[in-house]
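Protein chains in written order, with this note's numbering: chain P, 1 to 217; chain L, 218 to 396.
By construction, these hints were calculated from the structure, which means they are not laboratory data. Note that this is a predicted model, so its numbers are computed, not measured. Ideal Cβ positions, reconstructed from N, Cα and C, are used throughout, including at glycine. Please note: incorrect hints may appear among the correct ones.
[Unchecked claim] Some, not all, of what chain P presents toward chain L, calculated at C-beta under 7 Å: (1) L6; (2) I7; (3) S116.
[Said to hold, decoys possible] The calculated lysine-lysine pairs, modelled on DSS-like cross-linking and capped at a C-alpha distance of 25 Å, are: (4) L:K347 with P:K27; (5) L:K385 with P:K27; (6) L:K347 with L:K385; (7) L:K385 with L:K226.
Okay, here's what each chain looks like letter by letter:
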Amino acid sequence: MRTDDLIDALAQDAQASGRGPTRAPPKRLAMVAGLGALAALVLMLAWLHTRHDLMPAMRGGMFWMKALYTGALGLAGYLAIERLSRPAGSGRRGWMLGGAVLGLFALAGVVQAMMSPDIQMALHMLRGHSWHVCSRNILMLGLPMLGLGLWAVRGMAPTRPVAAGFATGLFAGGVAATVYGLHCAENTFTFVALWYSLGVLSLAVLGALIGRWALRW
Amino acid sequence: MTDTETRLKALMLRGLDGDAAAYRECLAGLGVRLRAYFARRMSGAPGDVEDLVQETLLAVHLKRSTWDASQSFTAWAHAVARYKLIDHWRRRKVRQTLPIEDHIEFLAADEPEPGVGLELDRALASLPEKQRILVTDVKLTGLSLAEAGTRAGISEGAAKVALHRALKALAERMRRADG
Numbered sequence: 001m002r003t004d005d006l007i008d009a010l011a012q013d014a015q016a017s018g019r020g021p022t023r024a025p026p027k028r029l030a031m032v033a034g035l036g037a038l039a040a041l042v043l044m045l046a047w048l049h050t051r052h053d054l055m056p057a058m059r060g061g062m063f064w065m066k067a068l069y070t071g072a073l074g075l076a077g078y079l080a081i082e083r084l085s086r087p088a089g090s091g092r093r094g095w096m097l098g099g100a101v102l103g104l105f106a107l108a109g110v111v112q113a114m115m116s117p118d119i120q121m122a123l124h125m126l127r128g129h130s131w132h133v134c135s136r137n138i139l140m141l142g143l144p145m146l147g148l149g150l151w152a153v154r155g156m157a158p159t160r161p162v163a164a165g166f167a168t169g170l171f172a173g174g175v176a177a178t179v180y181g182l183h184c185a186e187n188t189f190t191f192v193a194l195w196y197s198l199g200v201l202s203l204a205v206l207g208a209l210i211g212r213w214a215l216r217w
Numbered sequence: 218m219t220d221t222e223t224r225l226k227a228l229m230l231r232g233l234d235g236d237a238a239a240y241r242e243c244l245a246g247l248g249v250r251l252r253a254y255f256a257r258r259m260s261g262a263p264g265d266v267e268d269l270v271q272e273t274l275l276a277v278h279l280k281r282s283t284w285d286a287s288q289s290f291t292a293w294a295h296a297v298a299r300y301k302l303i304d305h306w307r308r309r310k311v312r313q314t315l316p317i318e319d320h321i322e323f324l325a326a327d328e329p330e331p332g333v334g335l336e337l338d339r340a341l342a343s344l345p346e347k348q349r350i351l352v353t354d355v356k357l358t359g360l361s362l363a364e365a366g367t368r369a370g371i372s373e374g375a376a377k378v379a380l381h382r383a384l385k386a387l388a389e390r391m392r393r394a395d396g
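For reference, chain L alone in the conformation it holds in the complex (with noise of 0.2 Å):
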């Protein structure tokens, strides 16, 4: 478990330095857990899960530079992840506590297959035309984001901004979906 830490942390480090694909596989890594902390504590809403993962990749990544890199990263992340689910229960008004827990128990090593998630396809559709073809467009491995930007008709550095745009503005949009 702590193999996972040690892994996922590297890979952080390594995606904070400007490297995409440890970033990428950093994300990825942390969505499976995610989903499984998810599940575990939403059987009566499996269709939420899927959401919440992506909320909270979203989060993870808007908010990265609050995690300082001489702590644990996935303690940061798991707090992230608890932060997501009790503002998930707040807004459904629904009464549940979650206990203080540890967060080894994040590391947990089942892996739930990925849902579909509804909430992320609604915030995108309410994003402007440009900004919605760049963040469906863009693939670390495809698309680029300068290709991507030459088919929204911007260049590269508009292409920049409008995606991270794009992105605050989707966090903002999934966080308001069920208020």
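So that you can see chain P by itself, here it is in the shape it has in the complex (with noise of 0.2 Å):
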């Protein structure tokens, strides 16, 4: 088949299909995000179930402090899939949010537990209630998010596809942990910094470890 001719077909299918079936980064990866929010909380409430005390809770700083963080990680890594979901595009405005956020938090964590009257008060902050079952339990919320947004990306364009799992992984973590926030009770930053964060990384890397063989195109 000559290259003119693959041309024409290519051109009878733009004007059959318009911009139709293959819609921008931006809408798909808002779709993703919608029907990865909606697994996660459907998950949560089928198996964890709300936190006894979330109306109180919600009336309070810290509830709103852990969503504005996991909500900000979750942000980081939808800037960081919009670009990197495209040829040659570049996650550093992503990278960037989701470090600066990253080390706030981390650094307000390591305050309050020097803050702490003795050590043993610093390791119970640390450990929590639920410091064993936290990044576990992030990780299996997001886990339908991370699939659905790997799947999303493979449609479009990614050249790092390393880089472009982890950023999906990210994004899936933000919104997973976001809604896990409706479960758990924990409310000081030393938990938060460690455990959420590292529920949140590990489906990043868990993206990353896909994203290298399943992003190709």
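Two chains, two separate frames, one set of hints: put the complex together.
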């Protein structure tokens, strides 16, 4: 088949489908976030339930501080993948935001631990009541969105598969951790800076590992 | 050289708005550039040049929604071509590095003659018959999609869907062809 004949077929297809079936990355990623958040919410309600003091907690500052932190991590992932899903795109803006909020929260966590009266108290803050399940729960809640996101990004045109996978995982992790905040009653910077961050980062690393071979086109 | 960018970008924008003739002209102009780009880098394997041109044109078409219209079109297309070339080498296990290059060089003026691509025909042969007929029969001037559909025994609406599926399958098969 001559290249000119192929171009004819492509032009016919373009005319028939317009921009229709190939929506631009921001719209498709917004759909991924919506469906991913819904999946995490359903999973959380069925498996973990919301925290018993959800209503009073929502009047406190720490509930929103946690949501702000995890939401910012998700936004960082979005900013990175919105660029990395395109050829030669760079995730710099996303990495900078992600690094900055992670650094800020880690700092707040360390300061809070150091201000505690004794080492036992600091360790208690670090472990909270749920240190052994927190990261794992976030990982589980984020898996549906990670799968959905990788599938969507595969349909785009990432040229850096590992970075694109990492960004997709960060995006999914931020959304999942925000939903997890409706269940989890931990309320210290120290706890959130360590275990929430680990949960989110585990999704990002998983995304990078899968992306390495899955995000080829 | 920036003339090429201005011209191709304008054609692409019109093509995205449904102007098939402009879209065709854009891909044809891009094809010339791609051929020169690959030919310069693959002097050892001239037979592969046309295969890569066709694989890249398919990718440009199927991934066109990832082009941000506020950015340069030729820079985007160059990034697609570069990715396809590196992927080609990776699959062939050729150890070769591609220096970071300015996309202006991608617009250089030489125009080698089109070669004969073999992979596309091989990929076509593996498609279901109706899809194959559609891909080979539709012409911008000549057989319309509706007429090609009639020849394949399906409605125009079904022909649209089948053509799109066929192109996606072709892209996937060409990518895996030399894996």
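Given pair status - K226 (chain L), K385 (chain L), alpha carbons within 25 Å: holds, 24 Å
Hint check, I7 (chain P) versus chain L [nearest Cβ-Cβ separation less than 7 Å]: holds, 5 Å
Given hint K385 (chain L) paired with K347 (chain L) - CA-CA distance at most 25 Å: holds, 15 Å
Pair hint K385 (chain L) and K27 (chain P), alpha-carbon separation not exceeding 25 Å: holds, 21 Å
Hinted pair K347 (chain L) and K27 (chain P), Cα distance within 25 Å: With Cα atoms ~33 Å apart, K347 (chain L) and K27 (chain P) exceed 25 Å; violated.
Given hint L6 (chain P) near chain L, where the shortest CB pair must fall under 7 Å: holds, 6 Å
Hint check: 7 Å Cβ-Cβ cutoff, S116 (chain P) to chain L: Hint on S116 (chain P): violated, closest Cβ of chain L at ~49 Å, above 7 Å.
Going down the numbered hints, you'll see the structure goes against 3 and 4, while the others check out.
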